[in-house]
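**Q** What follows is each chain in one-letter form.
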Amino acid sequence: MSIIYVLIPIAIIFVIIAIAIFFWAVKNEQFSDLDKQAHSILFDDSEIKNKSDNSQTKNKDSNHTL
Amino acid sequence: MIPPKEHASSQSECFHCLESIPLGFIQTVEYNNQPQPVCCIGCQAVAESIISSGMTDYYKFRTAAAGKVQQLIPEQLLMFKSYDDDDIQEDFIHHSGELSEVLLSIEGISCAACAWLIEKQLLSLGDITRVDVNTSTHRAMILWDKSNLKLSEIIEASARIGYKAYPFQPDIEEAQKQQVAKSYIRRLGVAGIMTMQVMMFAFALYFDMFSDMEDDFEQYFRWISFVLASPVILYSALPFLTSAIRALKVKQLNMDLPVSLAIFGAYIASTWATVFNTGEVYFESICMFSFLLLLGKYLEFRARLKASEFTSNLQKLLPLTARIIKNFKEQIIAAKKLKLNDIILVKPGEIIPADGLVIDGKTTIDESMMTGEHEAVSKEVNAQVYAGTTNHDGLVKICVNQLGTHTLINQIVTLQNKALTSRPKLAEITDKVAQWFVAVLLIVAGLTATYWYSTDPEQAFWITISVLVATCPCALSLAIPTALTCSVANLTKKGLLIKKAHVLETLTKIDSFSFDKTGTLTEGCFTIKNSHFLNEKYDKTTSLALASALEFHSQHPIAKAFNFDTSSVEVFDNITGETGFGIKAIYQGQSIAIGKNGWFETLNLPVQVVLYINEKAIAAFELEDKIRDGASTLITYLKNKPFNTHLLTGDPSVAGHNLAKKLSFDHVKTGCSPAQKQQYVANTINQNHIVAMVGDGVNDSPVFNTAHLSIAMGSGADISKNTADVVLLNSDLSSIKHLIEISHKTRRIVKENLILSITYNSAILPLAAMGMVHPWMAVIGMSASSIIVITNSLRLLKPL
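Residue numbers (this note's numbering), protein chains in the order written: chain W, 12 to 77; chain B, 61 to 860.
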């Protein structure tokens with residue numbers, strides 16, 4: 012049982028690391044908008060990449076109409 | 061989620077904004093190879109732009125409808141260009157190395173899909189390193205390379221998909237609030253994570269009661285608990301201590317005092333027990349207590365933060381740029397660089413950047429943001445015009461005669477700030493309860509200590525500590541914040557933004573309601589009350605269609621009354637505005653005009669607008685400012701309560717008295733300046749009344765800070781929404797009734813909570829003082845009473 016004298020302090024070190032990561036996340040505004048992150052999984056990134064060249068030219072077209 | 065519609069029944073809704081489509085408008089956009097109807101050219105352009113960029117996911121996953129889009133006009137594009145000026149940029153752009161950072165406040169964000177759409181659109185521009193759209197504050201942080209991409213191009217790109225963006229500079233007060241919010245999250249995180257660990261070891265210690273644990277282990281677990289609990293107490297719970305000390309310094313007792321006494325008292329006792337290996341430890345209870353209390357406080361704070369973020373986005377009173385005339389040439393410069401006696405040019409539709417005298421041209425000016433009256437004021441040479449008002453139809457040159465803090469608009473802002481510092485405050489129930497609670501607690505703890513010290517000195521310290529723990533006002537301190545959080549959440553759902561903490565408590569004491577007239581009790585825009593059709597050749601439909609089509613080209617507020625189907629009308633030629641009269645054009649070879657009675661033929665009717673063809677009157681319209689739907693029901697409700705009702709209006713005409721009679725107000729005062737409104741409310745307060753003010757205009761913002769409570773209409777001026785304690789987002793007067801009812805219900809629930817928790821505390825106090833309460837009993841009692849109080853508060857979430 013004396014192993015817990017070692018294991019518990021190690022566990023505490025992990026907790027401290029977790030808190031450090033949490034502080035970093037707060038500092039980087041990751042908690043300022045929880046709504047957006049919840050929905051972000053729905054949006055498909057790859058489809059956009061294929062068409063992004065496309066969008067550039069289209070944008071120019073719509074410039075003329077303005 | 062709103063799935064894109066494919067069935068025929070919904071064909072009458074616009075594909076983009078989901079609003080109904082005006083008859084006769086038959087444009088479509090192609091979505092999934094099917095034509096979808098749209099309601100206007102603006103929505104069509106935006107939808108096409110979104111679909112062609114491959115961002116159709118937006119329509120699949122959005123949870124709220126997009127706003128109706130207005131078509132971009134060249135004049136606006138020019139405005140965007142002015143944001144590229146270095147003088148203007150220095151106010152809101154920050155540089156970090158090669159990159160620039162700007163905060164944009166974006167109109168029209170309704171759900172997470174909007175954020176995704178904007179981020180995709182802006183990233184497709186290239187040269188943008190980071191876009192972070194926040195759906196709760198409606199702002200976007202953009203980090204980009206200024207040398208390759210202009211700010212105006214970013215703003216234009218977002219306008220193209222239907223979101224208007226403005227550079228935004230948060231004020232100091234809001235920046236501080238954001239800091240507080242972040243520190244709350246950090247403290248909560250530490251408290252949450254650490255409490256879990258401490259609980260784990262506490263369980264091990266609980267089992268010691270059933271099976272004998274080795275002394276070494278027990279002592280080791282206590283030390284571990286001490287190490288883990290220390291950050292919670294010394295970091296997370298520190299604000300309670302500092303707040304209690306701050307109150308003590310000004311000789312007051314607040315709720316944080318018993319809280320910190322319990323937390324820090326129990327912490328010191330437990331530490332003592334750990335170090336000297338005697339007595340009991342309470343680390344897990346105080347950690348849990350700190351966490352719950354912080355959570356309640358944070359939720360309440362966040363609700364108010366959201367409300368104030370919403371209104372601070374709106375502060376765009378004055379334009380950033382001005383057209384100055386120097387050496388006979390027009391130049392666009394930053395408005396703050398203007399000097400006295402500069403000559404500036406103001407085009408139709410623009411906001412005037414400084415106070416000044418008209419020296420050339422004539423126009424009509426919409427001063428509604430100052431006076432609340434929507435009827436435009438005509439201005440000729442030598443007339444004074446004010447910064448912040450909107451120029452309607454004429455091109456004028458203005459000689460600047462007041463700048464910066466001396467402009468009328470800034471004087472109103474100063475008036476408002478002055479009133480804020482002298483605002484009457486009502487003592488809050490929390491403080492009153494805290495004061496006698498703390499007093500009783502300290503006396504009992506003192507008596508217990510003295511008694512036990514004289515009879516059994518060894519036990520004295522532990523029994524005193526157990527008195528402090530047992531009476532720990534956990535439930536009591538949760539009683540008020542949980543109730544407030546629940547009712548604020550309920551009100552937010554109904555479209556009522558609560559911006560200040562005192563609102564619900566003050567509301568229950570209010571005995572007088574003061575109302576503004578235009579824009580508050582009335583809709584603040586004109587509608588047709590009566591029409592006269594004078595020529596048989598033009599029937600009702602044709603006349604209205606012609607009038608609407610022609611008024612479409614007018615900026616005048618009256619023009620908005622004419623919004624009928626215009627699909628039967630063909631194109632006009634030679635459209636010209638005649639300042640002070642109206643607008644005219646050539647239609648099918650005939651001259652057509654719409655404007656004021658007496659422009660050509662004078663009619664002996666009480667009409668404001670006449671439609672002329674070939675200078676003959678063919679239709680005449682009587683307009684009125686319609687009373688809002690809920691107004692009459694609300695005033696009747698208030699009178700039955702009974703509240704005193706006052707009508708304060710800046711309008712000097714008889715309209716104020718007529719309206720007061722119709723709605724049966726108790727008191728009326730017409731023709732009030734902002735300062736006179738303040739004076740009136742101050743007098744009412746001096747007669748020992750507690751006054752709430754409901755208003756919408758800039759002229760109401762000073763009186764907002766004089767009254768005990770202020771309520772602004774969502775459709776009102778930005779500055780008034782920013783000042784007010786409550787904003788009625790949907791401008792629905794009947795929600796004031798809901799507000800009053802919820803506030804009374806909240807007070808009832810708070811009372812119940814206080815009685816419940818004080819009953820628990822006073823029942824356990826004598827037992828603890830006699831040394832009969834085991835620590836685990838105290839913990840169970842504490843948790844049970846807290847849960848009962850929280851559950852009771854949750855009842856406020858139910859709609860009435």
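These are computed hints drawn from the structure, not numbers from a lab. Think of the CB as a built atom: it goes at the ideal place given N, C-alpha and C, for glycine as much as any other residue. Be aware that a few hints might be false.
No more than 25 Å apart at the CA atoms, straight line, and that leaves these computed lysine-lysine pairs for PhoX-like [claimed, not checked]:
(1) B:Lys620 <-> B:Lys237
(2) B:Lys237 <-> B:Lys366
(3) W:Lys38 <-> B:Lys366
(4) W:Lys38 <-> B:Lys242
Chain B regions said to be covered by chain W (calculated; three or more residues, Cβ under 8 Å) [as the list claims (entries may be wrong)]:
(5) 187-199
(6) 245-257
**Q** For every hint, state whether the structure bears it out.
**A** Each hint, compared with the structure:
1. Only pairs whose Cα atoms come within 25 Å are accepted, and Lys620 (chain B) paired with Lys237 (chain B) is rejected, the gap being roughly 40 Å.
2. At roughly 10 Å between alpha-carbon atoms, Lys237 (chain B) and Lys366 (chain B) fall within 25 Å of each other, so this suggested pair holds.
3. A threshold of 25 Å between alpha carbons decides the hint, and for Lys38 (chain W) with Lys366 (chain B) the separation of about 19 Å falls inside it, so the pair holds.
4. Proposed proximity of Lys38 (chain W) and Lys242 (chain B) is supported: the alpha carbons are some 8 Å apart, at most 25 Å.
5. Residue count for the segment 187-199 of chain B with a Cβ under 8 Å from a Cβ of chain W: 6. That meets the three needed, and the coverage hint holds.
6. Residue count for the segment 245-257 of chain B with a Cβ under 8 Å from a Cβ of chain W: 7. That meets the three needed, and the coverage hint holds.
When the structure is compared with the earlier hints, a violation turns up for hint 1 alone.
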